[in-house]
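S.K.: For reference, the chains in residue letters:
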Amino acid sequence: MPEARVIPLRPDDDEPFVPPTPPPGWEDHLADAVEFLRRRVTGEYETDEFGFDPDLTDHVLLPVLRPFYEKWFRVDALGLENVPATGGGLVVANHSGTLPVDALMTTVALHDEHPAQRRLRLLGADLVFDVPFIGSLSRKLGTTLACNEDAERLLTEGELVGVFPEGFKGVGKPFSERYTLQRFGRGGFVSAALRTGVPIIPCAIVGAEEIYPMLGNAKTAARLLGLPYFPITPTFPLLGPLGLVPLPSKWLIAFGEPIETASYGPAAAEDPMLVFNLTDQVRENIQQSLYRLLMQRKGVFS
Amino acid sequence: MPPAVVLVTGVSRWLGGALAAELAADPSIGRVIGVDTVPPSPEMLRRLGRTEFVRADIRNPLIGKVIAAASVDTVVHMNISSTPAGSGGRAPMKELNVIGTMQLLAACQAAPSVRRFVLKSTTAVYGASPRDPAVFTETMQARLVPSGGFAKDSVDIEGYVRSFGRRRPDVDIAVLRFTNFIGPRIDSLLTGFLRMPVVPTAMGYDARVQLLHEDDALAVLVRATTGDWTGTVNVGGKGTLLLSQAIRRLGRVEAPLPTPALGSVGRISRRFGFVDYSPEQMRFLNFGRVVDTTVLRTEFGLVPRYTTAEALADYARTVPPVVSPRLVETTSTRLRSVLGRAGDAAAALGERLNPAPPAPGLRAVRDA
Chain E
1 MPEARVIPLR PDDDEPFVPP TPPPGWEDHL ADAVEFLRRR VTGEYETDEF
51 GFDPDLTDHV LLPVLRPFYE KWFRVDALGL ENVPATGGGL VVANHSGTLP
101 VDALMTTVAL HDEHPAQRRL RLLGADLVFD VPFIGSLSRK LGTTLACNED
151 AERLLTEGEL VGVFPEGFKG VGKPFSERYT LQRFGRGGFV SAALRTGVPI
201 IPCAIVGAEE IYPMLGNAKT AARLLGLPYF PITPTFPLLG PLGLVPLPSK
251 WLIAFGEPIE TASYGPAAAE DPMLVFNLTD QVRENIQQSL YRLLMQRKGV
301 FS
Chain S
1 MPPAVVLVTG VSRWLGGALA AELAADPSIG RVIGVDTVPP SPEMLRRLGR
51 TEFVRADIRN PLIGKVIAAA SVDTVVHMNI SSTPAGSGGR APMKELNVIG
101 TMQLLAACQA APSVRRFVLK STTAVYGASP RDPAVFTETM QARLVPSGGF
151 AKDSVDIEGY VRSFGRRRPD VDIAVLRFTN FIGPRIDSLL TGFLRMPVVP
201 TAMGYDARVQ LLHEDDALAV LVRATTGDWT GTVNVGGKGT LLLSQAIRRL
251 GRVEAPLPTP ALGSVGRISR RFGFVDYSPE QMRFLNFGRV VDTTVLRTEF
301 GLVPRYTTAE ALADYARTVP PVVSPRLVET TSTRLRSVLG RAGDAAAALG
351 ERLNPAPPAP GLRAVRDA
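Chains E and S, in that order, are what the protein sequence lines are. Numbering of the first sequence is given in the numbering used here, commencing with residue 1 and proceeding in unit increments. Numbering of the second sequence is given in the numbering used here, commencing with residue 1 and proceeding in unit increments.
Keep in mind that the hints were calculated from the coordinates and are not lab data. Be aware that one or more of the hints could be misleading.
Now the stretches of chain S that chain E is said to cover, found in silico as 3 or more residues with beta-carbon under 8 Å [stated by the list, open to error]:
(1) 202-216
(2) 235-243
(3) 336-344
Sample of chain E residues facing chain S (criterion: CB under 7 Å; computed from the structure) [stated by the list, open to error]:
(4) Glu27
(5) Val41
(6) Thr47
(7) Glu49
(8) Phe50
For glycine and all other residues, C-beta sits at the position ideal for the given N, C-alpha and C.
Whenever a hint applies, use it, and build me the whole structure from the sequences.
M.R.: Printed below as a string of structure tokens:
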């Protein structure tokens, strides 16, 4: 005779009743803040060789960006399942918006909405690191210089790297050219992915184009200030600092299906034809997603 | 095979003296000859043991006679000055660094007994700029070639050593590119800088700093002198710190100044021989520099005992903090306990005003 089996009568009752833990009150938040300040004063936090400061990012920089993400731009992050939970990956996105706010919002999306809370390590132009405050804050947020050495080092360490191959051509393009991708650099990002064998995750960002609609470019002012462009928007420089407030457009950030590169082998990075083809494939993929998302979005501000 | 006769230049400074003392304590080494322009301090002289001290200027051809007479087989070149203050101005500093190295190399080239040359170089040869990759490996070159000062001298010196290597292919050459030294005894750029109670820094910038403990520097030099490794290697501790973080860990007060003001502070402090803020040091303090030490750990075969953070902590023992960490600790603990009590009181009050709902009772058995 087989042994008797115990069949639970009420399977729901297996879990004992646990009173819900009260949400952390204001005093806990304040105590955390005191503890954070203590760490900042004594220097007892970790930073990495790229200058990334996770403590500052989690307690100051991300909390500052979060209201913009949730309330101002009401970002919808789509296709997060396409971003691997562990290991290296190269997120390639379109760049727009006069100021690189899209990079910051993508960082928040991957940290707050991805189940593995992935940190996006951005690659920035050298101009970023030359500017006081902006440069050092960017490094603390995890950004490093857009060069193959840094990208490959991060990817080898299993980090998720974010790159905007259009660069200044994308972020500083006039409003009339919105959502048309510019040239994708020289394909350096593809060779970095090939050499390290990590997947390329195409990412389309809709909404950033409308935050500072760039109507004109004061080239003389730009040359005087040593900037790649000097934007003229409906509110800037007309309203002065008030013109820096971005328009509250509705954002969609969609991560597409990963394009794997490992099967080509690291030597494929030396094959310019393959690099060009992959670059075009990624660019085409992002352009198509942009069109799809634009159809999906009901209105610019809703 | 251990070297028979070692010549160490720059022996009156802490690191050179420590290396000579270490070599003199090794019975397998025949003779140790220390050279410097100034005699070592009495304390240093005691440590040097059987080291023979020759007071000579390497800018003078006399050095050739010393090398030939003693039939030196290993030369360790450490007499490279990093600050103008230490050598009486920028012009004498450059003279000592560049012309001194050229004279020494000329003497080595003429001496057939020389079979090994060790150069104490610096990671400053990589420069410091916003266009740098975050981490330099030995095969990389400066994006912006340093335009002056110690870094430029070091680039030139490495160049002369490379051409010496081409002319004397039988000589083994080891070039050690050290990061910034730190430790309780060594006198380096950063130890002087961080000893100031209020540390002026460039506003809006924060350098990444990689440090090497003096004991590890010494161990690397000893191994490079007595071993047979050849090539160029970055020498630095594991991990990095931000400059602001290092200042905080030492309990110093950071005073961020706008860059133009920092220039005049630098000129004043240089006049008093306090701390050197030359333009290239400024760039280093703005952007910092990190090097990859894989070659050191795998090929050279030495893992530094101290990480960057541990080396700084060891140095911190010798500098009394201005901001007492204990005060910070007690203040924050007290604040947190006050907050905890206030929170408890508020929670108790809330409980009294609207009590929590009772736990749900047992549910009825469902029908199948």
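S.K.: Against this structure, judge whether each hint is valid.
M.R.: Verification of the supplied hints:
1. 202-216: Holds, because 7 residues of the stretch 202-216 of chain S bring their Cβ atoms closer than 8 Å to Cβ atoms of chain E.
2. 235-243: holds (count 4)
3. 336-344: Contact hint for the stretch 336-344 of chain S vs chain E: holds, 5 residues under 8 Å.
4. Glu27: holds, 3 Å
5. Val41: holds, 5 Å
6. Thr47: holds, 5 Å
7. Glu49: Given a least distance of 5 Å, the restraint on E/Glu49 holds.
8. Phe50: Holds, about 5 Å.
Of the numbered hints given earlier, the model fails none.
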